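Spelled out, the chains give:
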Amino acid sequence: MEGLDGEDGQWIILMGLIISVSIFILAIIVNQSILVGQTTSESVLDFPKSEIQDIRSEVIRYRNTMVDPYPIQTDIEQLTLFRKTALVNISNTSDRLTIHYNNGVTYYHEIIQI
Amino acid sequence: MVTDTGVLYTIEGLAAGVLMITTAYLVVSSTMVFTPGDTHIIDMQLEQLGNDVLATMDTPVKFGEPSPLELYVMEHDITNFSTHFLLLANTVSQPGFGKIKFNSVIYYRKGTIFDFYHFTDSGDIITGREHMVKVTRRVFVEDASNLPSGPENRTQSVLMEVTLWRD
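Chain order of the listed sequences is A and B.
When we follow our numbering, the leftmost residue of the first sequence carries the number 39, and every step to the right adds one.
When we follow our numbering, the leftmost residue of the second sequence carries the number 127, and every step to the right adds one.
What the hints contain is simulated information worked out from the structure, not anything from laboratory work.
The structure displayed is predicted, hence computed values, not measured ones.
Some clues are possibly wrong.
[Unchecked claim] A partial selection of chain A residues facing chain B, derived with a Cβ cut-off under 7 Å:
1. L83
2. D84
3. S88
4. I90
5. R99
[Claimed, not checked] On the chain B side, residues computed to face chain A include the following (Cβ under 10 Å):
6. I204
7. F242
8. R264
By construction, the Cβ of each residue, glycine as well, lies at the ideal position given by its N, Cα and C atoms.
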């Protein structure tokens, strides 16, 4: 062919290589984005946000009444272990409230000074 | 003089043009992430909704008063619980047209034994093919004298479990 000398073909091959590598990288990025929704919702499902909020509000709720806290604490601790497979330990003294939560993945410890 | 030098450059130009348009399309559309309709996402939304509904119902109208949820459990008021729950869970204002159905049971501790009683449900026949999620809420029962037979008559904390599904 008249228009091509010996080096033109090498340039075309080099450009082809660069372009195919960049397409490959872009494809990896698009491919990864598919996982985003799944991993986020999985981590939202795994994280016991509502559990901790619930235990916290329950502890503060019974503390505001004048009842004996010991049986209620046992209720919460035992029912959480029985149905929610998480360890809860609540200690309640006159000036501080300690909530300890551990479900094997998430660990939470809180001391409320009153 | 006419040669064929331009042919290869034209082909390369076309290829580069297509590539640039494709890349620009990918970059622009990447702000919208399409994920396959995985059940995780639907489960997460339903679970969050259920937890929010129970948290709302367990919030007292005035500080120091029992919450609506506590009153429903304490007085075993299943009709009002059902209405209240479905009203909050469904966005449809017309009753009976909501797509979210539920079944709720209450777990309690009696000494070292754990047991449950059925609280209420949305009145649907369970086929076993529902795709359910489970949400829970601890309910403080100050006066247990009106509870159905089973739990001890003492101030206690029971665990309400609600299974939710879409019809």
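Hint by hint, here is what the structure shows:
1. L83: 5 Å, holds
2. D84: This hint is violated: D84(A) lies away from chain B, its Cβ roughly 10 Å from the closest one there, beyond 7 Å.
3. S88: 4 Å, holds
4. I90: The hint is violated - I90(A) has no Cβ within 7 Å of chain B, the shortest such distance being about 11 Å.
5. R99: 5 Å, holds
6. I204: 21 Å, violated
7. F242: Hint on F242(B): holds, closest Cβ of chain A at ~9 Å, below 10 Å.
8. R264: Hint holds; R264(B) Cβ to chain A Cβ min 4 Å, cut 10 Å.
Checked against the numbered hints given earlier, the structure breaks hints 2, 4, 6 and satisfies all the rest.
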